[in-house]
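J.: Sequence:
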Amino acid sequence: MGAWGTRNFENDGSQDWIFDLIDNKDGGLVADTLSRIINNIETLEIPDCEEALAAAEVVAALVSRPSEDFPEDPMDKLDVLNLIGTKALRQLAVTAINKIVAASEMKNHWEQEGQLDAWIAVEQGLIKRLDL
Numbered sequence: 001m002g003a004w005g006t007r008n009f010e011n012d013g014s015q016d017w018i019f020d021l022i023d024n025k026d027g028g029l030v031a032d033t034l035s036r037i038i039n040n041i042e043t044l045e046i047p048d049c050e051e052a053l054a055a056a057e058v059v060a061a062l063v064s065r066p067s068e069d070f071p072e073d074p075m076d077k078l079d080v081l082n083l084i085g086t087k088a089l090r091q092l093a094v095t096a097i098n099k100i101v102a103a104s105e106m107k108n109h110w111e112q113e114g115q116l117d118a119w120i121a122v123e124q125g126l127i128k129r130l131d132l
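Heads up, the sequence shown is in our numbering, so the first residue is 1 and it goes up one at a time.
In case anyone wonders, no lab produced these hints; they're calculated from the structure.
Ideal Cβ placement from N, Cα and C applies to all residues, glycine included.
Don't take each hint at face value.
Simulated restraints, written as ranges between beta carbons of each label pair [said to hold, decoys possible]:
id, residue 1, residue 2, range
1, E45, A121, 18 to 26 Å
2, M75, D131, 15 to 23 Å
3, K77, L116, 28 to 36 Å
Straight line, CA to CA, 16 Å or less: simulated EDC-like cross-link-like pairs of lysine to aspartate or glutamate [said to hold, decoys possible]:
id, residue 1, residue 2
4, K25, D73
5, K77, D26
6, K107, E42
Please work from the sequences and hints to get the whole structure.
T.: As structure tokens, then:
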């Protein structure tokens, strides 16, 4: 599974997604990734959750509240996306986070690992940084 931890950038999937976002300069990918989670009626798989949580972290960074583990290089290049952390985009991020925390393979993983509370605390912190 590669690097793995309860923080949102402690896994390869989130790291890969954010570097792809910056390399492709495609700001629309943020909303698309979050919407994919919200509109999914199947089981939310771990790779999709990793990407959506990375997208939510980008939204938090856009409102000047990045996580401590936000990768430095992409952080310096967020302006190429021409994105604004609007209330609508922040709400989209919160909705996706809540859906992932409520029921997903990622939630099941952290529950099985005995680290569910630590992971939920990270996601609650992200929601607070999105400050609706």
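J.: Can you name, in rising order, the numbers of the hints this structure does not satisfy?
T.: none
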